[in-house]
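Participant: Protein sequence lines correspond, in order, to chains U and C. Heads up: the first sequence begins at 0 in numbering that gives the first Met the number 0, then just goes up one per residue. Heads up: the second sequence begins at 0 in numbering that gives the first Met the number 0, then just goes up one per residue.
Among the hints, erroneous ones may be present.
Unchecked claim - No farther apart than 20 angstroms at their CA atoms in a straight line, the calculated lysine to any residue pairs in the SDA-like style are these:
#1 Lys287(U) - Ala76(C)
#2 Lys287(C) - Gln213(U)
#3 Lys246(C) - Ala76(C)
What the hints assert, rightly or not - Reference listing, derived: stretches of chain U covered by chain C, where coverage requires no fewer than 3 residues with Cβ under 8 angstroms from a Cβ of chain C:
#4 26-32
#5 121-132
Said to hold, decoys possible - Calculated from the model, a selection of chain C residues having no Cβ within reach of chain U, i.e. all distances over 10 angstroms:
#6 Pro1
#7 Ala155
#8 Thr165
#9 His195
Calculated from the structure, these hints are not laboratory results. Heads up, the beta-carbon is just placed ideally off N, CA and C, and yes, glycines get one too.
There are 2 protein chains.
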Amino acid sequence: MPDPVFSKIAIIGAGLIGASIARAAAEYGAAGSVVLYDMDADVRTRARTIGLGEVTDTLEAAVAEADCVFLCVPVGALATVAANVVPAMTSGTILTDVGSVKGEAAAALTAAGDGRIHLIPGHPIAGTEQSGPDAGFATLFRDAWHILTPSDDTSADYLAAVERLTLFWQRLGAKVETMDVARHDRVLAITSHLPHLIAFNIVATAFDMETVEQGEVVKYSAGGFRDFTRIAASDPVMWRDVFLTNKDAVLECLGRFSEDLAALQRAIRWGDGDMLMREFTRARTIRKAIIDAGQDSGAINFGRNPNVEPDTE
Amino acid sequence: MPDPVFSKIAIIGAGLIGASIARAAAEYGAAGSVVLYDMDADVRTRARTIGLGEVTDTLEAAVAEADCVFLCVPVGALATVAANVVPAMTSGTILTDVGSVKGEAAAALTAAGDGRIHLIPGHPIAGTEQSGPDAGFATLFRDAWHILTPSDDTSADYLAAVERLTLFWQRLGAKVETMDVARHDRVLAITSHLPHLIAFNIVATAFDMETVEQGEVVKYSAGGFRDFTRIAASDPVMWRDVFLTNKDAVLECLGRFSEDLAALQRAIRWGDGDMLMREFTRARTIRKAIIDAGQDSGAINFGRNPNVEPDTE
Ligand SMILES: NC(=O)c1ccc[n+]([C@@H]2O[C@H](COP(=O)([O-])OP(=O)(O)OC[C@H]3O[C@@H](n4cnc5c(N)ncnc54)[C@H](OP(=O)(O)O)[C@@H]3O)[C@@H](O)[C@H]2O)c1
Ligand SMILES: NC(=O)c1ccc[n+]([C@@H]2O[C@H](COP(=O)([O-])OP(=O)(O)OC[C@H]3O[C@@H](n4cnc5c(N)ncnc54)[C@H](OP(=O)(O)O)[C@@H]3O)[C@@H](O)[C@H]2O)c1
Numbered sequence: 000m001p002d003p004v005f006s007k008i009a010i011i012g013a014g015l016i017g018a019s020i021a022r023a024a025a026e027y028g029a030a031g032s033v034v035l036y037d038m039d040a041d042v043r044t045r046a047r048t049i050g051l052g053e054v055t056d057t058l059e060a061a062v063a064e065a066d067c068v069f070l071c072v073p074v075g076a077l078a079t080v081a082a083n084v085v086p087a088m089t090s091g092t093i094l095t096d097v098g099s100v101k102g103e104a105a106a107a108l109t110a111a112g113d114g115r116i117h118l119i120p121g122h123p124i125a126g127t128e129q130s131g132p133d134a135g136f137a138t139l140f141r142d143a144w145h146i147l148t149p150s151d152d153t154s155a156d157y158l159a160a161v162e163r164l165t166l167f168w169q170r171l172g173a174k175v176e177t178m179d180v181a182r183h184d185r186v187l188a189i190t191s192h193l194p195h196l197i198a199f200n201i202v203a204t205a206f207d208m209e210t211v212e213q214g215e216v217v218k219y220s221a222g223g224f225r226d227f228t229r230i231a232a233s234d235p236v237m238w239r240d241v242f243l244t245n246k247d248a249v250l251e252c253l254g255r256f257s258e259d260l261a262a263l264q265r266a267i268r269w270g271d272g273d274m275l276m277r278e279f280t281r282a283r284t285i286r287k288a289i290i291d292a293g294q295d296s297g298a299i300n301f302g303r304n305p306n307v308e309p310d311t312e
Numbered sequence: 000m001p002d003p004v005f006s007k008i009a010i011i012g013a014g015l016i017g018a019s020i021a022r023a024a025a026e027y028g029a030a031g032s033v034v035l036y037d038m039d040a041d042v043r044t045r046a047r048t049i050g051l052g053e054v055t056d057t058l059e060a061a062v063a064e065a066d067c068v069f070l071c072v073p074v075g076a077l078a079t080v081a082a083n084v085v086p087a088m089t090s091g092t093i094l095t096d097v098g099s100v101k102g103e104a105a106a107a108l109t110a111a112g113d114g115r116i117h118l119i120p121g122h123p124i125a126g127t128e129q130s131g132p133d134a135g136f137a138t139l140f141r142d143a144w145h146i147l148t149p150s151d152d153t154s155a156d157y158l159a160a161v162e163r164l165t166l167f168w169q170r171l172g173a174k175v176e177t178m179d180v181a182r183h184d185r186v187l188a189i190t191s192h193l194p195h196l197i198a199f200n201i202v203a204t205a206f207d208m209e210t211v212e213q214g215e216v217v218k219y220s221a222g223g224f225r226d227f228t229r230i231a232a233s234d235p236v237m238w239r240d241v242f243l244t245n246k247d248a249v250l251e252c253l254g255r256f257s258e259d260l261a262a263l264q265r266a267i268r269w270g271d272g273d274m275l276m277r278e279f280t281r282a283r284t285i286r287k288a289i290i291d292a293g294q295d296s297g298a299i300n301f302g303r304n305p306n307v308e309p310d311t312e
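Generate the whole structure from the sequences, applying the supplied hints.
Facilitator: Rendered as structure tokens:
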């Protein structure tokens, strides 16, 4: 195994993402030691029990002497956590995060910054619908994109810090890209935030239809609905924060979505089969592009065979 | 292996569903012989090459002497195909289908009926986003629901026919339910038709955003979008027919969906975090009900581990 990229990392927030970073850093030798802190005492106890790394009872103890601090808390908590973390950090070390909205994250980090620390916001395009320390696993970031949104600081020190953080994520198996904050938030609004909102919404709609019983919705969910419920099972706090902090980009996508949906609705009402064929055929082409780009598997009946259990490590 | 349920079955339409019935009937010994016909000569050639069963060049030859005929064509083609099939069938045998809209299917079968044949519409709640003869596999129906919508004929012969068809699907591993046509179409509108429409729509919206490049949408699709593209890759002809023939139930669901979405949109615009939390938390409960009902797996990172290939038999 090559030398660790950081001799000590601190992870604040031991949920799905924090626990996955802890496991991956250990598994791939990316950090000499891993120290975690979580606001929630139960989470700390659980993190100790399942052996995620050293777990401290204060934020300050976790952060002390760390070369790099990873904030893995909901986006809405970033400002407070960053403000508490920075004073306890050693000069010249790195503060990064994994928040799904980079505008808010960058603002939170910048506000907390005192000029001694390298601030490098980041976002792994990897996750599951589960949350909490038990949900973490070492291979989560393998072959996934990791987006960094560095500031425009061009000092040699800052660029070296970005390079080191890049190396860390690569060691975890990720492919690293840099991007500006606004672009990130626009791209993720359509590829992640809108899909989640739609999934949350359709689940609510299904359960409020008085003409169909809830038991029937559950029973016959294999016709498509169950795929939406998987996405809609994601952490409510995390997603509330995403929508509250990426409001403009999400509302823009939502406006487009509703406009397009109204056109499909009209085609159905007036029996315009040609328009439906055109739209549905286009969707198939796009699916092919995603499989060709290695972003999904084209295997038949993907993961749904009852005799196959995915390897969860 | 127990005795076959039917000594000969005929399958009209050798696509995903037809090919899966052919493979399953052979694998589980549910039919003594399987004969297929497809309108498309290329499909017939392919069906022969991959050994789905005997393949005939005319509809009449396939149907002759069959105990049960399965119409596995798009819903919009059912009326024509049924009208051609019935005169070639032996008296007292069964005509069924697998169409996703039972109102239309029942009407098509009834119109074609000449009083000699038992008409029993059906719908397997199982499928994938793929189509064509190569997409079929024997385990598709295992542990899946199969809905039959028998007529109100209470003659002993008809009831015996329904029982035999039930036995056939059970032999393929399915759990069989009966339901009335209108209820089926209402339940499926929300559990299957609306989810597909939404998936088709979001894919179109994503690709029409000028503010984001298509390449970026593909690249970062793992954030949620890719799950929608899987559903949206489904056969355009099949889905056009579904929306044209289950119009009222789909429009009803769509109206509700848009109303609910407008409320979420308003909550985002005005920063109403409590309302978002409430809705998102509810969605999580529903997901749990689906996993408890055995309709999905709760395994972490379901099927997405690059090192796991689902067993496609
Ligand atoms: N889930 C995904 O798919 C995904 C993907 C990419 C990025 N992200 C981002 O990753 C971050 C974490 O998400 P996650 O999925 O790992 O969530 P999670 O499993 O819910 O974990 C978050 C953890 O942070 C703790 N926490 C909350 N506020 C805190 C604070 N002020 N100080 C210390 N700890 C605090 C939570 O404790 P409690 O027990 O009190 O809640 C929880 O243990 C979010 O910013 C999210 O946007 C998530
Ligand atoms: N896919 C699913 O997930 C699913 C699930 C449950 C039920 N269903 C229902 O199953 C039925 C078949 O769907 P599928 O997914 O199997 O579609 P598919 O893979 O596209 O197969 C349909 C086959 O029927 C052929 N066909 C079309 N019109 C015909 C005609 N007039 N006479 C004879 N053959 C004809 C098609 O030939 P071409 O090559 O010319 O198109 C194609 O080979 C549909 O009614 C659908 O609603 C589908």
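Participant: Run every hint past the structure and note whether it holds.
Facilitator: Consistency of the hints with the structure:
Between the alpha carbons of Lys287(U) and Ala76(C) the distance comes to roughly 27 angstroms, so the proposed pair goes past 20 angstroms and is violated. The straight-line distance between the Cα atoms of Lys287(C) and Gln213(U) is roughly 13 angstroms, inside the 20 angstroms bound, and the hint therefore holds. For a cut-off of 20 angstroms, the pair hint linking Lys246(C) to Ala76(C) stands: about 17 angstroms separates their Cα positions. Interface restraint, the region 26-32 of chain U with chain C: violated (0 residues with C-beta to C-beta distance below 8 angstroms; minimum three).
By the rule of at least three residues with a Cβ nearer than 8 angstroms to a Cβ of chain C, the coverage given for the region 121-132 of chain U holds, with 6 such residues. In this structure Pro1(C) is separated from chain U by more than 10 angstroms, as the shortest Cβ-Cβ distance comes to about 22 angstroms. A cut-off of 10 angstroms between C-beta atoms confirms that Ala155(C) is not in contact with chain U; the least separation is 30 angstroms. Its beta-carbon lying about 17 angstroms from the closest one in chain U, Thr165(C) satisfies the requirement of being farther than 10 angstroms from that chain.
A Cβ of chain U approaches the Cβ of His195(C) within 10 angstroms, the least distance being about 5 angstroms, so the stated non-interface status is violated.
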